[in-house]
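Got chain A; can you put chain B on it based on the hints?
Read top to bottom, the protein sequences are chains A and B. According to the working numbering, the stretch in the first sequence is residues 1 to 256, in order. According to the working numbering, the stretch in the second sequence is residues 257 to 512, in order.
Everything labelled a hint here was simulated from the structure, so no lab data went into it. Idealized CB from N, CA, C, for every residue including glycine. Warning: the hint list may mix true and false statements.
Said to hold, decoys possible - From the structure, some residues in chain A lie toward chain B, with a derived Cβ separation under 7 Å: (1) Gly-18; (2) Lys-21; (3) Phe-208; (4) Phe-213.
What the hints assert, rightly or not - Subject to a maximum C-alpha distance of 27 Å in a straight line, what follows is the list of computed DSSO-like cross-link-like pairs (lysine-lysine): (5) B/Lys-313 with A/Lys-57; (6) B/Lys-465 with B/Lys-277; (7) B/Lys-277 with A/Lys-21.
Number of protein chains: 2
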Amino acid sequence: MANPTAAIIVIGDEILSGRTKDRNIGWLAEQLSQQGIMLREARVIPDVREIIIDTVKLLSAAHDLVFTSGGIGPTHDDITTECIAAAFGRKVIRHPEAEARLIAHYEDTDIEFNAARQKMADIPEGAALIDNPLSAAPGFILGNVHVFAGVPSILQAMFEGLRDQLPGGVAMTRLTVQCAIGEGTIATIMESVQVAHDGVSISSYPWFKPGQFGTAAVVSGLDPQVTMAAAESLAAGVRDLGAAADIMPLGQDGRA
Amino acid sequence: MANPTAAIIVIGDEILSGRTKDRNIGWLAEQLSQQGIMLREARVIPDVREIIIDTVKLLSAAHDLVFTSGGIGPTHDDITTECIAAAFGRKVIRHPEAEARLIAHYEDTDIEFNAARQKMADIPEGAALIDNPLSAAPGFILGNVHVFAGVPSILQAMFEGLRDQLPGGVAMTRLTVQCAIGEGTIATIMESVQVAHDGVSISSYPWFKPGQFGTAAVVSGLDPQVTMAAAESLAAGVRDLGAAADIMPLGQDGRA
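Just chain A, same shape as in the assembly (with noise of 0.2 Å):
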């Protein structure tokens, strides 16, 4: 069975206006990566009702999963429940259980649980809640669209929740080919070994500082065979030219 995959959209005129850096990508990409979630796209779009509900009807049907960012406090400008609910004809009601945890985080507090911050216990009619155990307000999730706060730490808080609860495909095995050698001089290699062995896709990065340089070669494949066999013919191709060439996992090649 293939993989599911997946889009990312970043809901937010402060991404756009380049006021606020956008950091979830980067990290649910990776999150997706270990998960073997396959993503296959990530959009940025402005906070404007139809761009975003045609944004979700799009996406939703075109991947197995959604998952946005940004748009669910308590301000105006904050319209992302109320499109998603648009998006799948649904309503928006106060949810009792939303409700209750926003109470209760307001409670031992001065802050006062006004209409704004009522708004963030409305929504859609059948979603279920993802829990935010750092400031209360939940996502949810409605059809395949998982929706997430926009900020980093809350969002991933919310991811980690729910990780389990996403469908499990299998981990792609991801090898490190460092090879001591410029990408431009391997780059036949590289095609010839991706070429030669199924399925397995080889990316490369180079990098440089002072007194050094090299390429970082990504090898990766679902079937952990292939896929190392491949990792040792791009390495021993690199070390026919005369460099080193080491094989390691990826996230232990000791470079970010």
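Using the frame of chain A, we list chain B on its own:
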């Protein structure tokens, strides 16, 4: 007249896999905003020919300006150039000026200007080159699509050279001082030169190639005389440290 609109297309499996964190959307968003250009959306898409072509066609029709990042390097997965050409129904040609710049760039290194690297001189017919003061391989403009490298420092240097040609751009004098010395060594000189020359700002871009490294310092200001004086003062300071420094107009530095 309404402000021009723009879209960003980040092209690369490495961003979607989480291996590399995109930094170009946030940086470009901020620059466009300062320029009075309204960024309306950003998409991260995979290295898939049909998706690149369709996305470029769609967004170049929907917005005044499109900026792409990634996929113009020497390897088999760098397919941006051929896809942009296809989106505009153009052929890709070996561009003589691009080739000359790359030959000059590799001339004084022990890196072979092989077939893979020669691919970086392939440009869609009729496109205008975008200078790359860091590693020579140019970007290009075709229609309203501006094609940048994915490496953030190179993208940023490419954008600086292009800034005045964009709508809302204030025509500034921009000079590159190519310094054969590390950025950290001349940081204080750059700062004091900037402070001493009213209205002048200096940005610096370190570069590395095998056996060599240096810093491209971009000196910008509204007043041509003051800006040149600042560049000369910086070059003199670098030469006092025993390192070469050459002043050239940004956009004509086709760096060796």
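Item to check | Hint check against the structure, violated hint numbers in rising order | outcome: Violated hints: none; all satisfied.
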